[in-house]
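Okay, here's what each chain looks like letter by letter:
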Amino acid sequence: MTTLDTTEPSGMIMTKTADNTGTLAKAATAARAGEHETKISAAGVSVFYGEKQALFDVTIDIPARQVMAFIGPSGCGKSTFLRCINRMNDTIDICSVKGRIEIDGADIYDPKIDPVLLRARVGMVFQKPNPFPKSIYDNIAYGPRIHGVAKAGSAMDEIVETSLQRAGLWNEVKDRLHEPGTGLSGGQQQRLCIARAIAVNPDVILMDEPCSALDPIATAKVEELIDELRTRYTIVIVTHSMQQAARVSQKAAFFHLGNLIEVDETDRMFTNPTDQRTQDYITGRFG
Amino acid sequence: MSVSLLFAIIMALALVGYLLGRANASALKSSGNTLHSIPPYHGYYVALWCGLPAFVLVLIWQAAQSSVIDQLLIASLPAHLTEGVSAARISLVLGEIKNVAAGRLFGTPEPAVLAAAERYASMQSTASLALVVCTLAVAVAGIAFARARLAPDFRARNNVDNILRWLLIICSVLAVLTTLGIILSLVIESLAFFSRVPVLEFLFGMNWSPQTPIRADQVASTGAFGAVPVFWGTIFISAIAMFVALPVGLFSAIYLVEYADKRIRSIVKPLLEILAGIPTIVYGFFAVLTVAPFIREFGLSLGLDVASNSALAAGGVMGIMIIPFISSFSDDAISAVPQSMRDGAYALGATKAETIRQVLLPAALPGIVGGVLLAVSRAIGETMIVVMAAGLTATLTANPLEGVTTVTVQIVTLLIGDTEFDSPKTLAAFGLGLVLFISTLALNIVALQVVKRYRERYE
Amino acid sequence: MSDTTAQSGKPKERAWYEPDAKLSRRHAADRRLRIYGVAAIVFALSMLATLVGTIAITAAPAVTQTMVTLEVEVPEGAVDPSDPRGGSYQKILNSAVARIFPEVDAPREQRELRQLFSNGGQYALRDKVVSEPSLIGQTFEISFPLSDIGDQLHKGVIDRDLPREQRRVSDEQIAWYDRLVAQDRISAPLNFGLIFNADSRFPELAGLWGALVGSFYALLICFLVSFPVGISAAVYLEEFAPKNRLTDLIEVNINNLAAVPSIVFGLLGLAVFLNFFGMPRSAPIVGGLVLSLMTLPTIIIATRAALKAVPPSIREAAIGVGASKMQTVGHHVLPLAMPGILTGTIIGLAQALGETAPLLLIGMNAFITAAPDSMFNPSTALPTQIYIWADSPERGFTSRTSAAIIVLLGFLVCMNAIAIYMRKRFERRW
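Protein chains in written order, with the numbering used here: chain H, 72 to 358; chain Z, 203 to 661; chain W, -7 to 422.
Read the hints as simulated data drawn from the structure, not as lab findings.
It cannot be assumed that every hint is accurate.
To spell it out: a stretch of chain W is covered by chain Z in this simulated footprint if at least three of its residues, at any positions, have a beta carbon under 8 angstroms from a beta carbon of chain Z; those stretches are [claimed, not checked]: (1) 39 to 48; (2) 262 to 276; (3) 384 to 398.
Incomplete in silico selection of chain Z near chain W, CB under 8 angstroms [to be verified]: (4) Leu369; (5) Thr380; (6) Phe445; (7) Ile456; (8) Ile483; (9) Leu576; (10) Thr610; (11) Thr615; (12) Leu617; (13) Gly635; (14) Val637; (15) Ile640.
Think of the CB as a built atom: it goes at the ideal place given N, C-alpha and C, for glycine as much as any other residue.
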């Protein structure tokens, strides 16, 4: 399913463009290297769904303890790329990934790497909040329990409390930890899912349009939370909303038709994009 | 005249009615009137009025004729044949009369019977003739009545629609009538049974041997109707069946939904469903032919004494029959858990097994439980496998290698062959039937509720 | 490896991606669950294979019927040409047998010898003479079945190498049989009798014709009643019925009726049709009525599903051009739903064909040696015939029972294949 072949796909015009932009993006990141060490480094990543190619030769470095936003019109491959970083694409039978993604220098598509361990280190939050049909406590405790981080008892209670506190949910739910997580409001559910991801103590948190199913107030709370979390975690967020990207991210990557067009500081990209397509998208001419 | 010929005549008359009605309407139209409905609807209207009442009359007549004639016949019999005689004896006499009337003579019947046979034959032919005459009269009257109502502003289409709508309603009420019929027949016969055997003795008695004495002075078997051993046997065999079916069905569903690729799933799933389509008589024969001897041989090789109609053989084969129920209900329930639950668990680094055990199965539990309850109800009501492979004697044992009997086996044994509707032996079958009906109904209602709730949760 | 640990900024003894014992235990649990699943499927499918396999193997001997050919002389005086049915054909056959085995004269031996030949021989001879009266006074050849033991001897079911006490034929019988073989009198043509004979006490004569006719009548009644009634009920509930307590009740009732054990329907048939209405016992009409009550819920549920699948836009379009509700349903919705309805009906009828328990209670397990003339005559049905044969002690019935099951399964496979074909062929995506 997954190949580690890093050789460039050849002979296609599309590939050529992709190649150019890839190099371009790399150059841009390299220019500002030093402020933050690189956490995730992807090189020549292509994704195929059966015969159809969804992502073309993406090369990008993601810095540690910052928020990186993936933006672009729908179907541009940003979610696809996000799901490569914790190998969630492995659960789709027809999906295959080419290229190389390293986290802290270790190739995550190496056959020796167990996706179970990878996902413990790279947490994920989804579009629609998906708490398990269990109690709030058990939702948080699920991850630590399966990974054997803590058994039931005070150690687990502590993990649950810390995670909920970091997710800013503790005060709202501390009196009803044993009620079902599905009974919370949408925004609370999403923060519960963030707390659930935090509980296994990851380095990286991937967020796939985490606010698209939430109302504005809940969205504001989640965004605030994301801002706090970046002191501890490397965060990659996929978003449709330019404003959200501007509010929460330090760096941004623009995807278009399966190609990575441009990576830059968020401020700079929004005020002074290099690529025409980025400009068109930001100024609202398409997407 | 045979009934099918009569139906053919009614159809023909209805066709005539249709043509007449349509012709009438066309005549009205060509004489310059504006019709409310197009001519064919006038035709349908006449045809319905011609055919329906006649059709219903024939059905009712057929259903009632034989019992009415029987009553008339009994009333006309001389006193010495009917007075102070049991109902069973009267039905014997009736049977003899009918045999004589049909020309099947055994020995020399007494003159009263011969006379009655003649009366019977004449009543039969009178009744048949009367049926034909009445039917034709009703059909023709229907045509006349309907034609009289035809007029330019007659709402033929609305009337036809209304008649059809009532037909539809009657048909859907028939399903309720079936249930009502089941309940009434079970309750009435059971009441007759409980007037002879106390309810409590039936429900809690520990001794079941329904053979009533043939002669009054016989001591040996007096007939005991304590059904607890029968209930126990039913529960025991069903439990063995579930013991086989539950793990096999559940694990195969888990594998098919979560592990197998599409190709394997598309082959294995229909194959499993074949198991549900095999008639139970085939399973029964399989149990007798293959499974029971195998278990017996196997037991003997271990030095165990195995009955040839062991509960294990019957229950095991029943379990095989039930596998597809469990697997398809579990399959539906697990598939219905949203993909986001799986994503959530995988994203936390759960393995497949952890996701299944701790997230999917708890979420799918109500659906699975509903399916299991339906399967249990199916096992309790299953007849042919146990009739062929389980025992006849009611033993209160927990040893699966011995034979036990079940409610359905007893119903069949008590009712098979010639049945008199009078002995407690026959009526006991209805008592057992009532218990069976109530318990499976309760299981079904609970199961359907559970499944329905579960569906609502994810829709 | 060590520098990656340094890079991550979180000093750990082991790099994050290095598996430990705990992880391999977790993966082992995963493999176990997968193995359980495979084992469960293998178990279920091997049971299916065993069932079909053993029944096919036991049925195999019934594919052919061992026949013997004898020269028979029908003397002028033995049969009255004006009443050829009345002749004593057994005697004629006996003398034909005696001509082949002249040395067998002790009565006990003669009885043993006759055990090799079917009791049906005399009827075969009688029917031949009745159809051709000119045969009286002539010598001609006639073929008829060997008896159960002769048949099994021929097919090797009886092992002739067993010691005498353990086998069901005597040494003499084997010798006589061998002489028949040596004289080329034994043949084993295809067993058409299995299909075209009616039931009999003797396995070599027993066939399924009566049961097939009985099942046909019963299914015909079942179809004639449950198809129109089922469709009407479903149309009313789906298209016309207001949502109120009554229709809710009807709906719950139909769902529960579908799960009532079949034997309860048998009790209903016994109490209502036989006892209350006094309909004839063992008759296919009663069996058909009981089966139709059982099939009704299946058809109603299938029809409702098919009606639901017709998109509302079709109804709106018809109403929009001024059709009445009844016209909309009759002209547009029902025809579009018909493939689905027929598929459901065929599946319901297939279930009804295999149903046994209710038919036992209304007496369709009677021993009847002729096919019924009408649906009011006593008869058996295919599954009840299987039940009767399975219960018969004669060894020859074991293979006939299996063969009858194969016939039943054959019908079911055909019906389901038609249903699947129709579903595939007419499947429509809106």
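*Regarding the hint that Z:Phe445 lies at the interface with chain W, is the smallest CB-CB distance below 8 angstroms?*
Violated - the Cβ of Z:Phe445 stays beyond 8 angstroms from chain W, reaching only about 13 angstroms at its closest.
*Holds or violated: is the Cβ of Z:Thr610 closer than 8 angstroms to a Cβ in chain W?*
Check passed: Cβ of Z:Thr610 comes within 5 angstroms of chain W, closer than 8 angstroms.
*Would the stated hint for Z:Leu576 survive a check requiring a Cβ distance to chain W of less than 8 angstroms?*
Since the shortest Cβ distance to chain W is 7 angstroms, the answer is holds.
_Count the residues of the stretch 384 to 398 of chain W whose Cβ falls closer than 8 angstroms to any Cβ of chain Z, and tell me whether that reaches three._
Coverage by chain Z holds for the stretch 384 to 398 of chain W (4 residues, Cβ < 8 angstroms).
*Should the interface hint for Z:Ile640 be scored as holding, given a Cβ-Cβ cut-off of 8 angstroms against chain W?*
10 angstroms, violated
*Return the status of the interface hint for Z:Ile456: holds when the least beta-carbon distance to chain W is below 8 angstroms, violated otherwise.*
5 angstroms, holds
*asked:* Is the interface hint satisfied for Z:Ile483? The criterion is a beta-carbon contact with chain W at less than 8 angstroms.
replied: 4 angstroms, holds
*Regarding the hint that Z:Leu617 lies at the interface with chain W, is the smallest CB-CB distance below 8 angstroms?*
Holds - the Cβ of Z:Leu617 comes within 8 angstroms of chain W, reaching about 5 angstroms at its closest.
*Verify the coverage statement for the stretch 39 to 48 of chain W against chain Z, using a C-beta to C-beta distance below 8 angstroms and requiring 3 or more qualifying residues.*
With 6 residues closer than 8 angstroms to chain Z, the stretch 39 to 48 of chain W meets the three-residue bar; holds.
*Hey, does the Z:Val637 contact hint survive, CB to chain W under 8 angstroms?*
Constraint on Z:Val637 not satisfied, violated at 11 angstroms.
*Would you settle whether the hint for Z:Thr615 is holds or violated, based on the nearest Cβ-Cβ distance to chain W being less than 8 angstroms?*
10 angstroms, violated
*asked:* Using the nearest Cβ pair, does Z:Gly635 come within less than 8 angstroms of chain W?
replied: 4 angstroms, holds
Violated hints for the displayed structure, listed by number in ascending order: 6, 11, 14, 15.
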